[in-house]
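Chemist: Those sequence lines, one after another, are chains A and B.
Be aware that the first sequence starts at 1, since it is given in the numbering used here, and climbs by one per residue.
Be aware that the second sequence starts at 1, since it is given in the numbering used here, and climbs by one per residue.
Please keep in mind that the hints were generated in silico from the structure rather than gathered at the bench.
Relax, there's no trap hidden among the hints.
No copy is singled out in the list; a pair is fine if it fits within one copy or between any two copies.
Simulated pairs of lysine to any residue, SDA-like, Cα-Cα distance not exceeding 25 angstroms: (1) K384 <-> D304; (2) K437 <-> V402; (3) K11 <-> Y126; (4) K437 <-> Q21; (5) K364 <-> G257; (6) K59 <-> R113; (7) K364 <-> Q21.
Note that this is a predicted model, so its numbers are computed, not measured.
Protein chains: 2
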Amino acid sequence: MRDFLPADVRKRNYVINIIKQVYESYGFEPLETPAVENLETLMGKYGEEGNQLIFKILKRGEKLDIENARSENDLSDLALRYDLTVPLARVIANNRNALPKFFKRYQIQPVWRADRPARGRFREFYQCDADAIGSASMLVEAEQILAVSEILRRLGFNDFTIRMNHREILRDILDTAGIGVNDHATVLIAIDKLDKIGTDGVAKELSARGIDESASKMVLDIFEQTGKIEGRHAEINRTIVGNLLNIVSQEVLADIGKILRYTAGAPVLLDPSLARGLSYYTGTIIEVNVPDLAGSLAGGGRYDGLIGMFGKEQIPACGVSLGLERILVVMDERGMFPPEIAGSTPADVLVTLWSDETAAESLKLASELRASGLRVTVYPEPDKLGKQIKYADTIKVPFVCVLGESEIAENTVTLKNMRTGEQQTLPRSNAVSLMKKLGE
Amino acid sequence: MRDFLPADVRKRNYVINIIKQVYESYGFEPLETPAVENLETLMGKYGEEGNQLIFKILKRGEKLDIENARSENDLSDLALRYDLTVPLARVIANNRNALPKFFKRYQIQPVWRADRPARGRFREFYQCDADAIGSASMLVEAEQILAVSEILRRLGFNDFTIRMNHREILRDILDTAGIGVNDHATVLIAIDKLDKIGTDGVAKELSARGIDESASKMVLDIFEQTGKIEGRHAEINRTIVGNLLNIVSQEVLADIGKILRYTAGAPVLLDPSLARGLSYYTGTIIEVNVPDLAGSLAGGGRYDGLIGMFGKEQIPACGVSLGLERILVVMDERGMFPPEIAGSTPADVLVTLWSDETAAESLKLASELRASGLRVTVYPEPDKLGKQIKYADTIKVPFVCVLGESEIAENTVTLKNMRTGEQQTLPRSNAVSLMKKLGE
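Please build the complete structure, drawing on both the sequences and the hints.
Modeler: Laid out in structure tokens, this is it:
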């Protein structure tokens, strides 16, 4: 887990602000949940691999009985949030009556997984989720795809693709290949790695997991044939018909067709081999990729069964999640941050400090400058003027206001432009307008 | 620990944004640290009571040996952040060369304490800290007091007081009363409760902790005599001299006098009985109170010894911490939120959906409206118009754009003003300007 120094935080906030703005422009409302959930809320929601990666919190006080503990569950009752979707499902089930029948929320918070760190993968990382609760309409999927596209475009990405699939398509393909329902989860976890380990890798993993080799070959052959389908509109329907008609239901194909129609303009393609790792998806699934990153920048899907696990009512739901860290890794490598973010400074102006006796006057000048919207730092202790200027240079502040005894006596200030080195003494009331003029 | 629904998050963000703006205007830079720290980083930094309240994380995989575990330390290696000051000290010690010699950072993040919840006290809560590293000058304290005052004033508080004290004043008072150095920490923890349990309560607690009764009486008598000293400038010096001259060093009195001079205009008063619970403070300490809350809205102090515990170098430091939850509790009870925050809506306009066939057109209109800066939500599925209007009313959206087959054919939109109930059909391109006009 990492510390973020000021330059890092500014980049993170730049990306988060764009994500927030776009989500809000689509009518998503902010929601926040605690970092800590009851352990039982999380267990069994993410598949077997997920269970292993949950950070568990030690029981406290009398509840902790080390002597008689036999398992992790005897020692732990709480856990760190693993994603933002399961907490959302819990919130919806608990607050159904306080929320509108269609509820669109966004949530930008960290999650924790006890995973091995890799490029763009950390044990603490931020998810930026937008979910719509209460509707089974494909307009929901379409809006989320459009929102993600707009976010990535506003961040400067122009080479991303949004791969889409449907859990029923996968199920139908596995059925067609003769893979039993009990093996579906196992097979999906292997297929999810297709992009990383290739066809041969997946074949090996399926074999190791005891899947019949002819069935496994048939699944991979179907993926080979369908490929990634890039057509749209009438065309996509023809392509899908040609490749999948005998396998997939008309209803699912119609849903896929709708999403493609509604998202015209976004780089969406149908990829029948897209699996997604999490076990709670029930319908459409998506994943967003760029060429220079093995993992995905975003992912999501429909999970119509999850909320029912926390309440009596089964409520349809669908969401998308942007991975902040991966977006930042790619933007950093490509140099995609605007200059005002990449080269930001702690303040617009430094006010010098002449002596203890003039300190109150330096603070007063700082307060006047702040009132006009400037960010101002005061040199904290009496020191040689050269040292104060050098410090201003180190922290890259563009202006220094020198306030010595003569300036105070004459109600002036000596303004030094740190970029050009020029300086001039002027009435205190004129300092702000000159800085604004020079700063343009 | 609590969930925050949209109306809560908006209030929280309103307060956080003002805190951020003011901190940034004072030249503080943003820093973020992970929620999870090594357990050993936190242990022993907060006093004995603090150690008990740290949430510990269970070891994972092979590191966890339940059978042979004898203590909590055998079972846990990580812990949840308990405050933002100790992580900052660790960051400074680790990154000394990457940071300027004077480093001012702010940090607004949650911390966790396994405490009994009370009014304004939660197990997960946000601290909003501003700290200055590298200078022992009293200008540092003054700037932080001024920043906190400005934040509280901008939030609408006008009845807060900033109590100030110095750990050396307390030490000198305890010495004068004949309390041995080894009992100082115990006595300070009891004195810290003076506001909550009163003089008698503290006397009882001191007696229960085995402190000599005549010494304990003398300490409380001194506090009685000094009271809370409200004077300023020359006056404060006279008052302090009268009450404390024989006890406290000239140097500390001079420092206190400087802070009072530099913060003229802020409601600062010297309270020789102010103790603060945390063990790492070494110099000035402050606490900010309002009449209608037993706890404090903010607190802070100088901790010149803490960074040295993580590195070779002893570096002076001083900080202040605003408690977000307590500020929110008081603001909620007093009704201090501006109407646009208290009555905010998920969107500015709802676009209706006529049928699957017209869905793409509704999405297109939504996209046009968003391009002009509006927050737009689209009704997700075909439904009776009355139901769509009713939903818009439920979520309190001020405008509805009805887009039926005739509107699409004629390139118009029917705009309904939800406040007045009036509606009119107009060219699509005019909808935005009319909404902006009506919204004023």
